[in-house]
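Undergrad: The hints should help you fit chain B onto chain A, whose structure is shown.
Keeping their order, the protein sequence lines are chains A and B.
Note that my numbering numbers the first sequence so that position 50 is 50, with each residue one more than the last.
Note that my numbering numbers the second sequence so that position 29 is 29, with each residue one more than the last.
Derived by calculation from the structure, the hints in this document are not laboratory data.
Below, computed lysine to any residue pairings styled on SDA-like, alpha-carbon distance capped at 25 Å: (1) 27(B) to 8(A); (2) 113(A) to 23(A); (3) 59(B) to 101(A).
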Amino acid sequence: MKVLLVDDEVELVSAMAERLGFRDVDADWTDNGESALAMAEETDYDVAVLDMKMPRLSGLELMELLADRHPDMKFIFLSGHGSEADFKAGCAAGCNYLIKPIQLEDLVALIRKVAA
Amino acid sequence: MSRTQCEPREGLRFFGRISASVSHEIKNVFAVINEAAGLIEDFTLMAGRGVPLQPERLKSAANSIQGQIKRGDAIVRNMNAFAHSTDEDVREVNLVEALRLAADLTARFADMRQIRLTVGESEPASMVACPFDLTRLLHSSIVAAFDSMQPGDTLAVSVSPYGGGASFSLSVPGKDAPLKNDEPFAELARAMNARVEVDEKTGTSQLLLADKGAPA
Numbered sequence: 001m002k003v004l005l006v007d008d009e010v011e012l013v014s015a016m017a018e019r020l021g022f023r024d025v026d027a028d029w030t031d032n033g034e035s036a037l038a039m040a041e042e043t044d045y046d047v048a049v050l051d052m053k054m055p056r057l058s059g060l061e062l063m064e065l066l067a068d069r070h071p072d073m074k075f076i077f078l079s080g081h082g083s084e085a086d087f088k089a090g091c092a093a094g095c096n097y098l099i100k101p102i103q104l105e106d107l108v109a110l111i112r113k114v115a116a
Numbered sequence: 001m002s003r004t005q006c007e008p009r010e011g012l013r014f015f016g017r018i019s020a021s022v023s024h025e026i027k028n029v030f031a032v033i034n035e036a037a038g039l040i041e042d043f044t045l046m047a048g049r050g051v052p053l054q055p056e057r058l059k060s061a062a063n064s065i066q067g068q069i070k071r072g073d074a075i076v077r078n079m080n081a082f083a084h085s086t087d088e089d090v091r092e093v094n095l096v097e098a099l100r101l102a103a104d105l106t107a108r109f110a111d112m113r114q115i116r117l118t119v120g121e122s123e124p125a126s127m128v129a130c131p132f133d134l135t136r137l138l139h140s141s142i143v144a145a146f147d148s149m150q151p152g153d154t155l156a157v158s159v160s161p162y163g164g165g166a167s168f169s170l171s172v173p174g175k176d177a178p179l180k181n182d183e184p185f186a187e188l189a190r191a192m193n194a195r196v197e198v199d200e201k202t203g204t205s206q207l208l209l210a211d212k213g214a215p216a
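Same shape as in the complex, but just chain A (with noise of 0.2 Å):
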């Protein structure tokens, strides 16, 4: 299985790849909406999980073209705000939606899940 995982914050998103790795979920990362569309047009992700607020490519924009060019990917949301609009938005989008800081546990677990 492999996961791609995109957050602004690159040490958080640099530190949760290693931390994934330790898990054996094999996790690529990036920090920008850009650079992870052509990630996606060279490996063949199963999931992808995407901070919310991201300049430029939100993760819900970026969720859109990536599901637009790669179907059978599937989606996670990570993000700093409980806000309702960005819950609502998510659920709309599968509902797989995590609040920083998180678990890792649960990230796994919500990964393996989304993968099934």
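TA: This is chain B only, laid out in the frame that chain A set:
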């Protein structure tokens, strides 16, 4: 500068917008600390299973935590200064400090647009003002300037004395003067006896604040 008579609800909305932005930043700080601490925990668990500890990895994770605590401290310090801006209706305000605070509180808004916001060299300036309304005016004018900018642009702001009041300068190196459209904050500016002047030759816009009782 006279005290504004703006709709209190607008002030509350501004306070909410800044608070939401600050809380988001703090959440990110906690999230990074959480993952760095998690990495250290993972390393120690692996060491328990016989995988040798790598001191440089522990050091890197510890540095990350220390860096984020420093970042979080600066965010909370700015939020505290912003909260205390409501303590008094008017007082003598150090305008260089006020501009730095407004720029710091607006930094995340700039980041989301991939715009760099810098506070340039300023001359010492102070005036009697409502600190909260001044922060709101500076934030609103900076955000209005973003509307004419592109990702990758830099907005440079500075302040200098102007008559008995002050002049806040906004410019985008290599680009036209910003703030040609001051409509988003025009009502607030009028209420605060402030106005905008755009100088196309220098590519600079000035937000001019009059001293109390004087026309801008």
